[in-house]
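Enquirer: Chains as they are written, first to last, in our numbering: chain A, 9 to 159; chain B, 9 to 159; chain C, 9 to 159.
By construction, these hints were calculated from the structure, which means they are not laboratory data.
Any given hint could turn out to be false.
Sample of chain C residues with no beta-carbon within 12 Å of chain A, all distances over it, derived [as the list claims (entries may be wrong)]: (1) Ile11; (2) Tyr17; (3) Arg46; (4) Ala59; (5) Arg75; (6) Leu94; (7) Asn98; (8) Lys138; (9) Ala150.
The calculated DSS-like cross-link candidates involving lysine-lysine, where the alpha carbons are at most 30 Å apart (straight line), are [to be verified]: (10) B:Lys10 with C:Lys82; (11) A:Lys138 with A:Lys10; (12) A:Lys10 with A:Lys135; (13) B:Lys138 with C:Lys10.
Computed from a predicted structure; not experimentally measured.
C-beta atoms are modelled at their ideal positions from N, C-alpha and C, and glycine is treated no differently.
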Amino acid sequence: MKIDRISLYDLFAEYGSLIDASRYDEWLGLFAGECRYRIVPRENFDRGLPAALIFCDSRAVLEDRIRALREANKYNIHTDRHLIGLPRLNDEGLAEAPFAVYQTDQEGETRLFATGLYRDRLEAVGKHLKFRDKLILLDTFAIPSLLATPL
Amino acid sequence: MKIDRISLYDLFAEYGSLIDASRYDEWLGLFAGECRYRIVPRENFDRGLPAALIFCDSRAVLEDRIRALREANKYNIHTDRHLIGLPRLNDEGLAEAPFAVYQTDQEGETRLFATGLYRDRLEAVGKHLKFRDKLILLDTFAIPSLLATPL
Amino acid sequence: MKIDRISLYDLFAEYGSLIDASRYDEWLGLFAGECRYRIVPRENFDRGLPAALIFCDSRAVLEDRIRALREANKYNIHTDRHLIGLPRLNDEGLAEAPFAVYQTDQEGETRLFATGLYRDRLEAVGKHLKFRDKLILLDTFAIPSLLATPL
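Chain A extracted, bound-state conformation (with noise of 0.2 Å):
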């Protein structure tokens, strides 16, 4: 598959862009079809361990997953910031993409939560790209509070 640098760019910008802005639905419509969603430490991937933090692999969990964490949103109260870096096809066709999420809680402050890599497969649906396999290696296996929001 050819994936067009612009097309790229958008995809990753409007996955960061639509969890800020809560807009979950639309999110869910930048994956295909059948699609798998992975949060795995990054140390448990360097060595081959399976373990995932979060491990959705079907588009039917993924909804579901999302619903769940829109009720733990009542309870850990925050809004996203996503930045993420320049997108690149590493050698494996694979898209790769660094990121940091901050969080603000209720009082107003800003923490950085998480940095890591996205490593996607893509698919083209249409004229549209798409996260066909999305898996998200978190620089830490400590995730500092409950993951209420999808990175």
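Knowing the structure of chain A, use the given hints to seat chains B and C on it.
Expert: Here is chains B and C on its own, set in the frame of chain A:
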């Protein structure tokens, strides 16, 4: 207005770069002749509240503000570093980009200062894109210290 | 030299990505045969002071430095994450991009390590862009700990 992507990326890259280099006159040159510059807490914006932290509704007011900031800077000496994510065009034709601003003080300590989202109306002036209406949605209402440089 | 934007973006994306993945040999491959690599506190640079934190004035010295860093890394075990902003070409034809580097330690804690600006002279080597003279302007003179990986 059709917006070329590379020009869009360059505009945002220059925007951050010129602030960080304290080149405020050239930074003002990125704005259209008639322009607005607003900093609004995201919470206020989401609730439809108009209260802004900074509201410059003309170029003259913005120029004046910059002069004042330069004075303030003599008493709050620091350097800025803007990290701006990939800009995208939203459904309303506005240019959006997330940002994080870091400040380094005279002791050499670097801290996260603020995160937020630019949501800007652009204008083509000759061959150049300029900011017609710059809206800075800050993730927090609690600015940690004096706003001594533009965001 | 005319610089294609996507190639420019890819060069910086690979630069950060290869450090973060500890793929230092491939990272060295992003530099031209004759090259320089310097880390200079921004304050020194702005005042015209030549003092560098790290100064590799040839490829051999850079390769040597990388070997030494790998040794040091055995005693300061951490992982890096580079967030690099949109690169642009400045008035002098140099490629500039702001960056933030985060480090995660063995306890799983992620911290901001450094922010700064890349200001690089590039060279076309065949179809590839390479770093001819990499200047890393660090926002702080106070590096929080041993520089155990390249910035």
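Enquirer: Under the constraints set out in the numbered hints, which ones does this structure not fulfil?
Expert: 2, 6, 10
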